[in-house]
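Single-letter residue listing:
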Amino acid sequence: MSRESMEYDVVIIGGGPSGLSTAIKIKQLDPNLNVCLLEKASEIGAHILSGNVFETRALDELLPNWRELNSPIKTKVTKEKFLFLGKTKSLSWPTWLLPAVQQNHKNYIISLANLCRWLAEQAENLGVEIFPGFPASEILYNEDGSVKGVATQDMGIDKDGNKKDSFEPGIELLGKVTVFAEGCRGHLGKQLIEKFELNKGKDPQQYGIGFKEIWEIEDKNHEEGLVMHTAGWPLDNNTYGGSFMYHAENKQVFLGYVIGLDYKNPHLSPYDEFQRFKTHPAIKKIIEGGKRISYGARALIEGGFQSLPKMFMPGALLIGCDAGTLNMPKIKGSHTAMKSGIIAAETINEHLKENKDLSIYENKFKNSWLYKELYEARNVKPSFSWGLILGIIFTGIDQILFRGKLPFTLKHKHADHKTLKPANQMPKIDYPKYDNVITFDKTSSVYLTGTNHVDNQPVHLKLKDPDLPINYTLDKFDEPAQRYCPAGVYEVQKENDVNKFVINSQNCIHCKTCDIKEPSQNITWVTPEGNGGPRYGNM
Amino acid sequence: MKILVAVKRVIDYNVQIRVKEDGTGVVTDNVKMSTNPPDDNAIEEAVKIKEAGKATEVVAVTVGEEKAQETVRKALAVGADRGIHVKVDGILEPLAVSKILQKIVDKEKPDLVFMGKQAIDDDCNQTGQMLSALLNWPQATFASKIDVKDNKLEVTREIDEGLETIEINVPAIVTCDLRLNEPRYASLPNIMKAKKKPIEEIAATDLGVDVSPRLEQIKVEEPPKRKAGIKVANVAELVQKLKNEAKVI
Chain A
1 MSRESMEYDV VIIGGGPSGL STAIKIKQLD PNLNVCLLEK ASEIGAHILS
51 GNVFETRALD ELLPNWRELN SPIKTKVTKE KFLFLGKTKS LSWPTWLLPA
101 VQQNHKNYII SLANLCRWLA EQAENLGVEI FPGFPASEIL YNEDGSVKGV
151 ATQDMGIDKD GNKKDSFEPG IELLGKVTVF AEGCRGHLGK QLIEKFELNK
201 GKDPQQYGIG FKEIWEIEDK NHEEGLVMHT AGWPLDNNTY GGSFMYHAEN
251 KQVFLGYVIG LDYKNPHLSP YDEFQRFKTH PAIKKIIEGG KRISYGARAL
301 IEGGFQSLPK MFMPGALLIG CDAGTLNMPK IKGSHTAMKS GIIAAETINE
351 HLKENKDLSI YENKFKNSWL YKELYEARNV KPSFSWGLIL GIIFTGIDQI
401 LFRGKLPFTL KHKHADHKTL KPANQMPKID YPKYDNVITF DKTSSVYLTG
451 TNHVDNQPVH LKLKDPDLPI NYTLDKFDEP AQRYCPAGVY EVQKENDVNK
501 FVINSQNCIH CKTCDIKEPS QNITWVTPEG NGGPRYGNM
Chain B
1 MKILVAVKRV IDYNVQIRVK EDGTGVVTDN VKMSTNPPDD NAIEEAVKIK
51 EAGKATEVVA VTVGEEKAQE TVRKALAVGA DRGIHVKVDG ILEPLAVSKI
101 LQKIVDKEKP DLVFMGKQAI DDDCNQTGQM LSALLNWPQA TFASKIDVKD
151 NKLEVTREID EGLETIEINV PAIVTCDLRL NEPRYASLPN IMKAKKKPIE
201 EIAATDLGVD VSPRLEQIKV EEPPKRKAGI KVANVAELVQ KLKNEAKVI
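So the sequences go chain by chain: A and B. The first sequence: position 536 = 536 (the numbering used here), numbered continuously. The second sequence: position 222 = 222 (the numbering used here), numbered continuously.
Extracted from the complex, chain B is given alone in its bound form (with noise of 0.2 Å):
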C-alpha cells in the first residue's frame, strides 16, 4: 500500500498574525513559517502505518512557492521515502490545489491521500473534501483514529456529537484531527539523511492545471478589539446591565 501525504507551509502557530496595513492579506515576511500542525499528524500517522508494516510506500507533497520545499523536507525527515513539490506562485485556493494533487494521484497511484483536516492559516477546511469529490473516491474526515484493514479502514471521527466510527473502502481520502497522534520530532541524523532524499519539482503549469483564483478577496481586517470589562456591586445591577446596556435578556 502506498500513501500520498499533503503539505502545506503555512505561519507558525506561535507567531501572532499582524494584519498589513492596505487590507490585502496578512504580514509574512521575516515571519516564522513551519508545516501546518494537522498535516504534521498525517505524515505521523502514514509513517506509522508504514512502520507497523502495513504500507510500503510514504511520498509526501506540497503545492506552493520555491520555500514549500521546507516542508516536504521536514515530512521527508520525520519518515517520508521522498517528496514532491509542486510549484506556484501567489494565492492558492483549495479547489487549484484539489486539482494538482488530483494529477499528482493520477500520476502516483497511492492507495491512501492524507492531509491535514484544514490549514490553520486560511481555514478552509475543504482540500480533502473536493479532492474526494475529484477522485470520486471515499473520505473519512476529522480522522482521530485510522485502522488499517485489509482494504477497508475503520475511521474514528471528531463530530461534534462525540465520536463516530465508519468504515470506507480503499482508496480513500483521510483528513486528518491533531488528536489522531502526537508527531515525533525529527532527529538530527534523520534530518541530515533527509537532505539527501529526492523531492521532485514539478511546475503546476506543466500538469495543465489552471490554478487562478475563483474567488475575489475583498479586505483582511483585524477583528474587533475586545472592550475592558468592568466590576459590578451587585446581582440587580449585573441584571439591570444585561438587560438595559447589552441588550441580552
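Bound-form chain A, shown alone (with noise of 0.2 Å):
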C-alpha cells in the first residue's frame, strides 16, 4: 500500500536532550533548514525520566541565554552528602574524597521532562516541526543502503491486524539527513546499530534500569538544593547500583534507584530492591510523613566510551543515549547528550552545505570535550565487575590520582542478558511485604504514570519465540521478567495446573528493560501506537 510522504532536510526521532538540540542548533546555524521531529508520547516530556542534576555545559553553549528565557532550571546544588548504607547503619563520606566527576556545586537539580518542554518551545520558535504522538516504527532506504527517513507508525489496527474504522495510514518522514535520538535502547537504533555494524570492536553496551518517585516532603525534612547519593545496601557487593535523592522545589524530593543490569541472580527483583531501600532508616526518616506522588522507571546506559558505537552511517546519524553517551561515574547524561546533538547539527550543516561525509562527525567528537569526558570516566564501571569495595578503591585510584588518564582501558566482558546464573544456582531473595505508607506494590505505582495504550491494539512486545518463556525460562531462570519488568507487565499465571505466560502490555511504561535482560533475547520492544505509554509530569 502506498503511504504520503513528506521531505525535509533534517527528519529527527527523539524529543529528548539530544534531539531537542540538534533541532535548535541546525535552526541556529541555518533558518532556512527544514527540520521535523518526531516524539512517540503524547506530548515533548511524558517519556522523560531522569534525575536529575544538571551540569549547564552544553546548554551554555546552545543557549548562552538561557537565564533570560524562563527556563525550568532554577534549584542550585548547595549541598553534597555521598552514604554507604549497611543494613541499618550509614556512614557519610566526606565530599571532598569524591572524585571531581561526582561534585555537583555548579550544577541545578532540575526536571529533565519539563527542560525538554522548555528546549521544545525554543525549538518551535526557532521554525522546527514538532510532532508529538507519532513514533517512527519503521526506517527507509535508498536503493544504496543508504537511510533514507523513517515511516510512521499506522493508527487504528486492532490486535488481530486489522483495519479498524478510525485506521489512519503512517506516513513517510524522508530527510536528506535522518538523525536517531531515541534514547536508550532505541528499537531503531537498535536495527541500525545491527545492519551498519555500527558496535564492530566494540565492547558490548552496558545497561542499567533507574526508577524514581517523586515526593512531597514535610517542611521539616526538606532542604531545598541537598543532593545525596547512597551505595551499598539492600543491594550485595555483587551487583552494581545506588541511589540519589535530590531536594528540588515545591517541598519535592526526587528519590530514584539505579541497578546495572549485569546482575546474576534471577531472583533479583529491581522494583522491590527500590522498595525495600526506602525502608532504610536514613532515608525513611526523611520522607517519612510526606507523600508520593510520582512514579517511573527507565533503562540507561552504562557501556560509555568503551562500548560506544560508530555515530554516523550513510544518510543518518545516531546521537545521545540512542548511541550511548551517558558519563556513569558523573551519573549524568543530558549535557552529553545535549552535547552530542549540537554535533550532529555542525555536521548535518557542513554535510548540506560543502557536501562533506557524514563522517566527519566522528572528528568533532574526538576535538570535543565530550570525547575528554567519556574518555577519562570510561574505567570506572568495569572495575564495579570486581565488587563494590574493590570497584571503589580502583576508583579513587583512577579517578582521584590519575583523573582518568591510567594508561589502560577495562572491557566490559558480557552483555547484560548473558550474566544471569540458572535459578537453582542462586539464593532466592525474600522482599518485605509493602506498607503502601514508604512502600508499594507495582500496580499502585504503574497506576501514578498515568500509563494507557489504547486497547484492541496488537502486543507491542513481540516474543521470538512464543513457547520459550515457559518451555525454557520459566525452567532454568524462574521467569526472571516478571521481577525486571517495573510495571508488572509480565506474568506467570497457572490455568487448570498449566503455566500460561501473560503480556499485559497496556502497563508497559517503555523502559525497554526486557528487551535488554530477557536471557534469550526472545523479547523485542517495537512502538505501540501514538499517544501510548506514560504520562510523566515532572519526572
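If you are wondering where the hints come from, they were derived from the structure by calculation, not from laboratory data. Every clue listed holds true.
A short, non-exhaustive set of chain B residues, derived as facing chain A with CB atoms under 8 Å:
id, residue
1, 15
2, 30
3, 31
4, 32
The list that follows gives simulated cross-link-like pairs (lysine-lysine, DSS-like), each with its CA atoms no further than 30 Å apart:
id, chain 1, residue 1, chain 2, residue 2
5, A, 284, B, 20
6, A, 433, B, 241
7, B, 54, A, 163
8, B, 196, A, 176
9, A, 366, A, 202
10, A, 364, A, 353
11, B, 20, A, 74
12, B, 231, A, 428
13, B, 193, A, 163
14, A, 291, B, 227
15, A, 163, B, 145
16, B, 225, A, 442
17, A, 164, B, 197
18, B, 197, B, 87
19, B, 231, A, 291
20, A, 159, B, 48
21, A, 291, A, 74
22, B, 195, A, 163
23, B, 67, B, 196
24, B, 20, A, 79
25, B, 193, A, 164
26, A, 74, B, 67
27, A, 251, B, 225
28, B, 50, A, 163
29, B, 225, A, 220
30, B, 20, A, 442
31, A, 264, A, 411
32, A, 251, B, 67
33, B, 219, A, 251
34, A, 220, B, 219
35, B, 145, A, 164
36, A, 291, B, 219
37, A, 195, A, 413
38, B, 99, B, 197
39, B, 48, A, 163
40, B, 20, A, 76
The beta carbon of each residue, even a glycine, is placed where N, CA and C say it ideally should be.
From these two lone chains plus the hints, build me the complex, please.
In C-alpha cells form, the structure reads like this:
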C-alpha cells in the first residue's frame, strides 16, 4: 500500500535532550533548513525520566542566554552528601574525598521532562515542526542502502492486525539526513547498530534500570538544593547500583535507584530492591510523613566509551543515549546527550552546505570535551565487576590520583542478557511486604505513571518464540521478566495446572528493560500506537 | 447547514488527578492536557455529517486561556474548517460559557451546536442545557446516534432505562455521548494543514459577557481512602460482620 510522504532537510526521531538540541542548533546555523521532530509520547516530556542533577555546559553553548528565557533550571545544588548504607547503619563519606566528577556544586536540580518541554518551545520558536504522538516505527532505505527516512506507525489497527474504522495509515518522512535520538535502547537505533555494524570492535553495551519517585515531604525534612547519593544496602557487594535523592523546589524530593542490568541472580527484583531501600532509617526519616506523587522507570546506558558505537552511517546519525553517551561515574547523561546533538547539527550543516560526508562527525566528536569526558570516565564502571569495595578503591585511584588518565582501558566482558545464573544455583530473595506508606506494589505505582495504551491494538512486546518463556525460561531462570519489569507487564499464571505467560502490554512504561535483559533475547520492544505509554509530569 | 462545535481543554483522562495541598483546586502544572473526550465525539460527528454532504461548514469554538487554542487546533486537524477562540483567564462556570456561546451563535448563525455531554474536569453537564435555554432552541442531550433529516434531527439518547429516540427541529443543541462514534486520528499531513487554518481570537470582554463566578468554591479534597479488605472464615462470620460492624443488614 502506498503511503503519503513528506520531505524535509532533517528528520529527527525523539524529543529528548539530544534530539531537541540538534533541532535548535540546526535552525541557529541555518533558519532556512526544514526540520521536523517526531516524538512517540502524547507530548514532549511525557516519556522523559531522569534524576536529574544538570550540568549546564552544553546548554551554555546552545542557548547562552538561557537564564533570560524563563527556563525551568532554578534550584542550585547547595549541599552534597554521600552515604554508604549498611543494613541499619549509614556511614557518611566526606565529599572532599569524592572524585571531581561526582562533585555537583555548580550544577542544578531539575526535572528533565520540564527542561525538554522548554527546549521544545525554543525549537518551535525557531521554526522546528514537532509532532508528538507519532512514533517512528520503520526505517526507510534508499536503493544504495543509505537511510532515506522513517515511516510513522499506522494508527487504528486491532489486535489481530485488521484495520479499524479509525484506521489512519502511517506516512513517510524523508530527510536528507535522519537523526535517531530515541534514548537508551531505541528500537530503530538497535536495528541500525545491527545493520551498519556500528558496534563492530566495541565492547557489548551495558545497561542499568533506573527508578524514580517524586515525594512531597514535610517542611522540616526538606533542604532545597541538597543532593544525596548512597551505595551499599540493600544490594550485595556484587551487584552494581545505588540511589539518589535530590531536594527540589516545592518541598519535593526526587528519589531514585539505579541497578546495573548485569546482575546475576534471576531472583533479584530491581523494583523490590528500590522499595526496600526506602525503608532504611537514613532514607525513611526523610520521606516519612510525606506523600509519593510520581513513579516511573527507564533503562539507561552504562557502557560508556568502550561500548559507544560509531555514531554516523550513510544518510543518518545516531546520537545521545540511542548511541550511549551517558557519563556513568558522573551519573549524568543530559549534557553529554545535548553535546552529541550539537555536534550532529554542525555535522549536518557542513554535510548539506559543503557536501562533506557525515563521517566528519567522528572527528568533531573526538575534538570535543564530550570525548575527553567519556574517555576519562571509561574505567569506572568495568572496575565494579570486581565488586563494590574493589570498585571504589580502584575508582579512587583512577579518578582522584590519575584523573582518568591510566594507560589502559578495562573491558566490559558480557552483554547484560548473558549474566544471569540458573535460578537453582542462586539464592531466593525474600522481599518485605509493602506497607502502602513507604513501599508500594507495582499496580499502584504504575497507576501514578498515567500509562495507557488504546486497547484492541497489537501487543507491542513481540516474542520471537512464544513458547520459550514457559518451556525454557521459567524452568531455568524462574522467568525473571516477572521481576525485572518495573510495571508488572509480565506474569506467569497457572490455569488448570498449566503455566501460561501473560503480557499485560497496556501497562508498559516504555523502559526497554525486557528487550535488554531477557536471557535469550526473546522479547523485542516495538512502538505501540502513538500517544501510548506513560504521561509523566515533572520527571 | 452550518455546525458549531464547542470544545474544552481539560486534564488528560489518563492523568492521575492530584489535589493541591491548600485545597483550592487540582494541580495543573506540567500535567498533560487534552480535549474533553466527548467533545472529540462532537467534532467527529459534525465532520461526518459534513462528509456526508449534509453540512457545509464546521466551526470549532473554545472558551479559555491562551493554551486552550490547542483544542481548536486539534479540531481543525480532524476536519473542522475554521476556529474561534474566546480568551478568558481564570475559573469559568457553565453559565458564563453558555452566555459566551450565545454571543457566538448570534454572530455565526449556525443551524446546529454540538458539544460533549459534560466535561470530565468539573462534571457539570450544564452548558448545553443552559445554552438551549438562552437561545430558546430545542435540545437533545446524551446523543448516541444522530440522523439528519431535512430540517429535523432524529436523535437517540442514552438514558437510564435504555435508549430513547426523539425528533427535534433545527436549529438545535445536541450534547454528545462517548458512544456516538469513534473519533478519528489526526494524520500528520492534516495536522500540518490545520496549522494554516484560521482561528479567530476574541476577548470575552469584547462580547460584553460578565464571566465572574456566581459560585463560591469552599474546598477541594481527595476522596477518602478505601480501607483494606478482610477475609472472613465463613458465611456466619460474614453475616455477623455485616450486621454488627458494617450495620448494613
